[in-house]
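Listed here are the chains, written in short residue letters.
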Amino acid sequence: MSVIRRRLRTVAVAALAAGVALGSTACSKSDNEGSSGEGGEVKLVLQTFSNFGYDQAIKDFEAANPTIKVEHQKMGELRDFQPKLVQWLAAGSGAGDVVGLEEGVLLGYVQNHDKFANLLELGATELKSSFPEWKWNNALTPDGQKLIGLGTDVGGLAMCYRKDLFQQAGLPTDREEVSKRISTWQDYIALGKEFKASGKAKAAWLDSATSLMQPYVMQNSETFFFDKENKFIGETNPVVKQTWDMGLQMATDGLTAKAQRWSADWDAAFKNSAFATLPCPAWMTEGVIAPKSGPGNSGKWDIAKIPGGGGNWGGSYLAVPAQTKHPKEAYLLAKYLTSKEGHLAAFKEAGAMPSDIAGIEDPAFKDKKSDYFSGAPTGQIFGESVKNMKPVFLGAKHQQIWETVVEPQMQAAERGQLSSDAAWKKAMAEAKKLTS
Amino acid sequence: MSSAVGAAPVRHAATPPTPEQPHRRRSYRLGRWDIKYSPYLYVAPFFLLFGVFGLFPVLYTVYVSLFEYDLLSGSKEFVGLENYRVLLDDSQFWNAAYNTFGMFVLSTVPQLVVALMIANLLNRQMRARTLFRMGILIPNITSVAAVGIIFALIFADRYGLVNWLLGTVGVDPIAWRDNRYASWFAVAFMVDWRWTGYNALIYLGAMQAIPRDLYESASLDGASTWRQFWKITVPLIRPTILFTIIISTIGGLQIFTEPLMYGYGLIRGGASNEFQTLAMYIYERTFTGNFEYGSGAAMSWLLFLMIVIFALINFAMVRRSVKGEQK
Chain S
1 MSVIRRRLRT VAVAALAAGV ALGSTACSKS DNEGSSGEGG EVKLVLQTFS
51 NFGYDQAIKD FEAANPTIKV EHQKMGELRD FQPKLVQWLA AGSGAGDVVG
101 LEEGVLLGYV QNHDKFANLL ELGATELKSS FPEWKWNNAL TPDGQKLIGL
151 GTDVGGLAMC YRKDLFQQAG LPTDREEVSK RISTWQDYIA LGKEFKASGK
201 AKAAWLDSAT SLMQPYVMQN SETFFFDKEN KFIGETNPVV KQTWDMGLQM
251 ATDGLTAKAQ RWSADWDAAF KNSAFATLPC PAWMTEGVIA PKSGPGNSGK
301 WDIAKIPGGG GNWGGSYLAV PAQTKHPKEA YLLAKYLTSK EGHLAAFKEA
351 GAMPSDIAGI EDPAFKDKKS DYFSGAPTGQ IFGESVKNMK PVFLGAKHQQ
401 IWETVVEPQM QAAERGQLSS DAAWKKAMAE AKKLTS
Chain R
1 MSSAVGAAPV RHAATPPTPE QPHRRRSYRL GRWDIKYSPY LYVAPFFLLF
51 GVFGLFPVLY TVYVSLFEYD LLSGSKEFVG LENYRVLLDD SQFWNAAYNT
101 FGMFVLSTVP QLVVALMIAN LLNRQMRART LFRMGILIPN ITSVAAVGII
151 FALIFADRYG LVNWLLGTVG VDPIAWRDNR YASWFAVAFM VDWRWTGYNA
201 LIYLGAMQAI PRDLYESASL DGASTWRQFW KITVPLIRPT ILFTIIISTI
251 GGLQIFTEPL MYGYGLIRGG ASNEFQTLAM YIYERTFTGN FEYGSGAAMS
301 WLLFLMIVIF ALINFAMVRR SVKGEQK
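Residue numbers (full-length UniProt numbering), protein chains in the order written: chain S, 1 to 436; chain R, 1 to 327.
Keep in mind the hints are simulated off the structure, nothing from the lab. Hints are not guaranteed to be accurate.
Keeping only pairs whose Cα atoms sit at most 30 Å apart, straight-line, the calculated DSS-like set for lysine-lysine is [unchecked claim]: (1) 76/R <-> 432/S; (2) 36/R <-> 146/S; (3) 76/R <-> 231/S; (4) 325/S <-> 76/R; (5) 76/R <-> 228/S; (6) 36/R <-> 433/S; (7) 84/S <-> 76/R.
Take a look, some chain S residues computed to stay more than 12 Å from chain R by CB distance [unchecked claim]: (8) 68; (9) 89; (10) 113; (11) 146; (12) 264; (13) 363; (14) 416; (15) 423.
Each pair of labels, with its calculated beta carbon distance range [unchecked claim]: (16) 371/S <-> 105/R: 51 to 59 Å; (17) 306/R <-> 421/S: 34 to 42 Å; (18) 316/R <-> 325/S: 54 to 62 Å.
C-beta atoms are modelled at their ideal positions from N, C-alpha and C, and glycine is treated no differently.
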């Protein structure tokens, strides 16, 4: 459900390839529009991407609202769904009555919100207190008059580490102890140097210099690449450059595995135990690290608190397009799916971490432990990381700037293809081109 | 009605109608219409479908290319040829064109030459001939996405098979994605793996239509196999060679999935766009980022023009050179 996860399934590119052939002429399906059935029954169409884990939640909703039928269209990965949704919204038909929006996509629509219904007018005001403030505010227009989405999952943030490699290098392995030793990023780097200096573990400290960027900037700045007027400030935001230099310095010091994230080499690096730590959001633990490391490495990973306290990475929203014929019923569905019951059902089904405060506090989530990660109390660790979080203004094109411009250039510099300065200049020039 | 129309030409042939017989005249007219217009009717479905799903989108693309779209807010503005001007000024566009042509040459030339050689071998008497003939087509029926995933792993930078093999003989690992020409090579390899067998089969089909006695008399005159190949086989399958070159040009310049999979699904094709092709850049501009439909449409047209021009150049060049051989 997060932006990042969509890149995992490379197979989805096959669909994308077909999309090129068909995509330009992609037509909207007429049955996408909700229609009234017999006896006043309302049919709603819900469109989501990746895996929101809503199968059970929808059944429960239909049982509680016998006059509403829900057709759940799973639209593949975000990269398949997003271009179609843009077209349907522009064309004024084809979009579902309720649609899943990834955080970055939502931020883009907050600027151009006339394609979406105002959830505040449909009664969402009462829900404000059930979400963390930042999750709520992200979906709110700058004047605070219109809300276009209700939060589904959040990422949270922690530090996943390899207990066995820590032990080989003579470092503490207990998660409380590790959390204490890496309470700041400076401590984290110092421990990495200690890890390397021991010379006993044949692994790097961190997978890639770029892994530092998102958590560090989000903890240390109120903005990232854009200021609150949505002007590109990546070049002048001192924290961004500081993190860039810090990450590449780690690479120079030989602390990173220089594995390009989301590549085949990165996958292999998990299996080959090529690095010892990785900042990880909740969806990454069971969804990425466990399958990529494989059953052979079960029980070798553990989870500590992220340096610097809290943080978030990824997450989505549900919105109601203005073209729907049944805004009231659509709102009811979105409200149910983002309620405590909906969140917990999705957590059970897809491991999506609730963004609903009652959901985070619920024993079903809070007491969750992960066997693969040596029995780490994931519910508690990730729950805390989200509650402690300060809101950061990301801006509409944040994810795009990060994923298509800054991250690739930083990786090029890490591999030594470009100097740090040249890569930085190139990244900033491309980012400005995209935002002009 | 259809039976009357169908029978008309026969009657016409048997008894020529005379003006005195109005009934006869009508069926004569029907018969004449049948001969004149039926063929058009029979081919019409293709052209109707082509018009709706082929020609109309192509022409509409021209229209779209003259506007600047903002899909998020839903506005569009007429800008004339501005999209084209911006593109011709865009270094990423020319970089993509360079990559596309580079990969095309690097893949097509060896592909067709090797296909010709394979076809020549398969044209001889040999054991399990059908097995080999079918076997070379197997790569072609594999899904291109599957091919892409596997080759991306084989050519992975650190844990890839090729770099591992190079390592065992003491060669430094190659940066398969940071080095432009290495990445072209890998993509061309993928393309050739899939398409060489296909072209070989087409050549083989053409070769089997060549009369055997030509080779027999050449042998009697003392021409070597090699000489027979160049002086008899190649000139006689010239139309087929031209066909494969045109088809490869059209397909090769639109290459998309292979480099995309090779770059782990990232549309930018390498940190510095080392292997981003025109089709990938069209997708990047049109379906990601700012959703610049106008710009994407303009680029699609430029690509179309390039393919037409390039196919014509190839056609002319090959026709001339193979003719030269014939003399």
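Evaluation of the provided hints:
no. : hint                        : in the structure
1   : 76/R <-> 432/S              : holds (22 Å)
2   : 36/R <-> 146/S              : violated (67 Å)
3   : 76/R <-> 231/S              : holds (23 Å)
4   : 325/S <-> 76/R              : holds (26 Å)
5   : 76/R <-> 228/S              : holds (26 Å)
6   : 36/R <-> 433/S              : violated (59 Å)
7   : 84/S <-> 76/R               : holds (18 Å)
8   : 68                          : holds (29 Å)
9   : 89                          : violated (8 Å)
10  : 113                         : violated (10 Å)
11  : 146                         : holds (15 Å)
12  : 264                         : violated (4 Å)
13  : 363                         : holds (39 Å)
14  : 416                         : violated (9 Å)
15  : 423                         : violated (8 Å)
16  : 371/S <-> 105/R: 51 to 59 Å : holds (54 Å)
17  : 306/R <-> 421/S: 34 to 42 Å : holds (36 Å)
18  : 316/R <-> 325/S: 54 to 62 Å : holds (59 Å)
The structure shown violates the earlier hints numbered 2, 6, 9, 10, 12, 14, 15.
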